[in-house]
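**Q** Use the sequences and the hints to build the structure in full.
Chains as they are written, first to last, in this note's numbering: chain Z, 1 to 128; chain Y, 1 to 128; chain G, 1 to 128; chain U, 1 to 128; chain C, 1 to 128; chain W, 1 to 128.
Please keep in mind that the hints were generated in silico from the structure rather than gathered at the bench. Heads up, a few of these hints could be off.
Identical copies carry no separate label here, and so any pair may be met within one copy or between two of them.
In the BS3-like style, the derived pairs of lysine-lysine whose C-alpha atoms are separated by at most 27 angstroms in a straight line are [what the hints assert, rightly or not]:
| no. | residue 1 | residue 2 |
| --- | --- | --- |
| 1 | Lys24 | Lys57 |
| 2 | Lys24 | Lys117 |
| 3 | Lys117 | Lys57 |
Residue strings, one per chain:
Protein chains: 6
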Amino acid sequence: MDRATYDKGMKIRRETLGDAYVDKAVAGIDDFTREFQEMVTTYCWGEVWGREGLDRKTRSIINLAMISTLNRQHELAAHIRGAINNGVSRDEIKEVLLQVGIYAGVPAMVDSFRTAKAVLAEIDGDGK
Amino acid sequence: MDRATYDKGMKIRRETLGDAYVDKAVAGIDDFTREFQEMVTTYCWGEVWGREGLDRKTRSIINLAMISTLNRQHELAAHIRGAINNGVSRDEIKEVLLQVGIYAGVPAMVDSFRTAKAVLAEIDGDGK
Amino acid sequence: MDRATYDKGMKIRRETLGDAYVDKAVAGIDDFTREFQEMVTTYCWGEVWGREGLDRKTRSIINLAMISTLNRQHELAAHIRGAINNGVSRDEIKEVLLQVGIYAGVPAMVDSFRTAKAVLAEIDGDGK
Amino acid sequence: MDRATYDKGMKIRRETLGDAYVDKAVAGIDDFTREFQEMVTTYCWGEVWGREGLDRKTRSIINLAMISTLNRQHELAAHIRGAINNGVSRDEIKEVLLQVGIYAGVPAMVDSFRTAKAVLAEIDGDGK
Amino acid sequence: MDRATYDKGMKIRRETLGDAYVDKAVAGIDDFTREFQEMVTTYCWGEVWGREGLDRKTRSIINLAMISTLNRQHELAAHIRGAINNGVSRDEIKEVLLQVGIYAGVPAMVDSFRTAKAVLAEIDGDGK
Amino acid sequence: MDRATYDKGMKIRRETLGDAYVDKAVAGIDDFTREFQEMVTTYCWGEVWGREGLDRKTRSIINLAMISTLNRQHELAAHIRGAINNGVSRDEIKEVLLQVGIYAGVPAMVDSFRTAKAVLAEIDGDGK
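**A** Here you go:
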């Protein structure tokens, strides 16, 4: 692994998903999950999110669409939060999920709206 | 079906996928495919693409990501062309597909780059 | 959106999924989910379920098979209940899910039988 | 493998997919594909298609929906032909595929209509 | 169903998933799930797991990869336990899941590591 | 990108997929595909295939199962060839694909056997 890419990735990962989320992931690292955590931080966050060709807001929008299509609700919840942190508005999240409904089908849209609504309610609660 | 939404959808569909593509689809309409064509034009292109909350460039980017994830190469080819028509640059298409590789896996990325490269070569040939 | 299609869809949706389920969905509507709920009711329930070419029992059977394949357990639970309401017998649900096991694989069948069994137990409890 | 179940399966397979299709599959059997062909005939066609709880027409309808969702165009083509042999009308095939569009998404519907239309044209040609 | 294959399958199923797991599955059998349980034991465990061409350790490794890709967390949990029983080490499970991350994407890897870590913690607790 | 990991990855990629295949991929590199090719070689082949925890034969077996499940026939063809190069026998490929049939469903098994049979016939032709 390339240390500079790892460090760049960790910075973007924290700025997107939030320190609370990443602190928890990092605190759980053990011999079973060490390489997995390094691989996610370096390749996903450092190499790809660290590229200049798309801004982070657009990358978040892409992720909402892909992760909804892949039916991965845990990851979707993290990336709804990440999308808000990267400047995607609630109305824009809504638009992405309506488009998911057309291309990936109604059940994908239903699940994603359920997850998104729960995360947005948590965020509203956080601010209290 | 709502005629106004159908008409709006047909306009956006033509502007995105090109008249040649849509003319061919429309010419093939028969009793078996009539409702299917109307449903795609009205709901997909009229209701969702016709909404104001995201610009067409962003909607094209979302589609490249989702359709790559869904492994639908015919549709992907049409939407690579649509993305170019909607102002997505080749470098931006590249960025979307690299991000597909991380989230939907390497085989998805390989297939999507193959399809994209073929369509871009066709477009270059078209201009001659 | 076409109001007549929405109204037709809402009627079929209520007859299939039950008033309790739909009342809860409708009660949760807010600015984030309004268009999503309208789109589901109009296009899914009004335009497609409202068509005459297949009876509702057959449409329910199709949905059990597709939603099992798509791995969407929340939606599957709703449509198990809908299938019962549309006249699909428990033995017929069993047959559909055995066929799912052959074509979509054993893990899909295992998950769908677990969900179906839980919903059928709830229905039995409802009658008490 | 149970010989009686194999024989029952082969009979149903031939009645559904047609002798021409099955003859070709059987003619291609070698050491690499022997167990695969036996497993398909015995479990898929003998054990599940051979069950009494659903008629063959309904099983064909289920398969069109599942195989469209799974994006397996070769198998879909065979089962479009099988559906016709089992008494599913062209209008009913259309209805199934429109419902696929809602639940599995527009690209699934587009691909399935393309495949179905090609197979139906072949069948029309066969009759000449 | 062939009784000898069923019995062979039940033996392998118990040796892989453990008596506690299978006893619970068997205890839950009723008219709704009888054929489903027989089909899983006979075809999955008897016919395929009972074949000689691959050892059980390799079959467990294959299952971890496939079931991760299919996003079936309940089944994955059972087969993490089965993999340990069949001699797959924790380090080997880690390797399989890192490879899942490359081919099926990061969200698949994240979910599978979460499930695996929880099962391994349960196993450690079992030994107390 | 880390040059040493790229070089290690290129060596493993060539040993697995063959020089002819990789030479063709490398010859096609242009501005659109450069980072994509580097990412595949470095992360997929260098970081993951380059790890010591599983031998290459086992990694090939895992890939046949995952790529069959993902329905990516181009990649599957390349990895059938890779599996042979890494010491997987034809009988072992058969066993993997029969197991695919149980867990990912019959249509996945049918497509994978078709692809595998075609590649094995090509290999036999190559040796003439």
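**Q** Each of the hints needs a verdict: does it hold here or not?
**A** Hints, verified against the model:
In this homomeric assembly, lysine 24 and lysine 57 come within 27 angstroms of each other (Cα to Cα) only inside a single copy, at 24 angstroms, whereas the closest approach across copies is 33 angstroms. For a Cα distance limit of 27 angstroms, the shortest separation of lysine 24 from lysine 117 qualifies both inside one copy, at 23 angstroms, and across copies, at 15 angstroms. Taking CA atoms no more than 27 angstroms apart as the test, lysine 117 paired with lysine 57 passes in both settings, with 19 angstroms inside one copy and 26 angstroms between copies.
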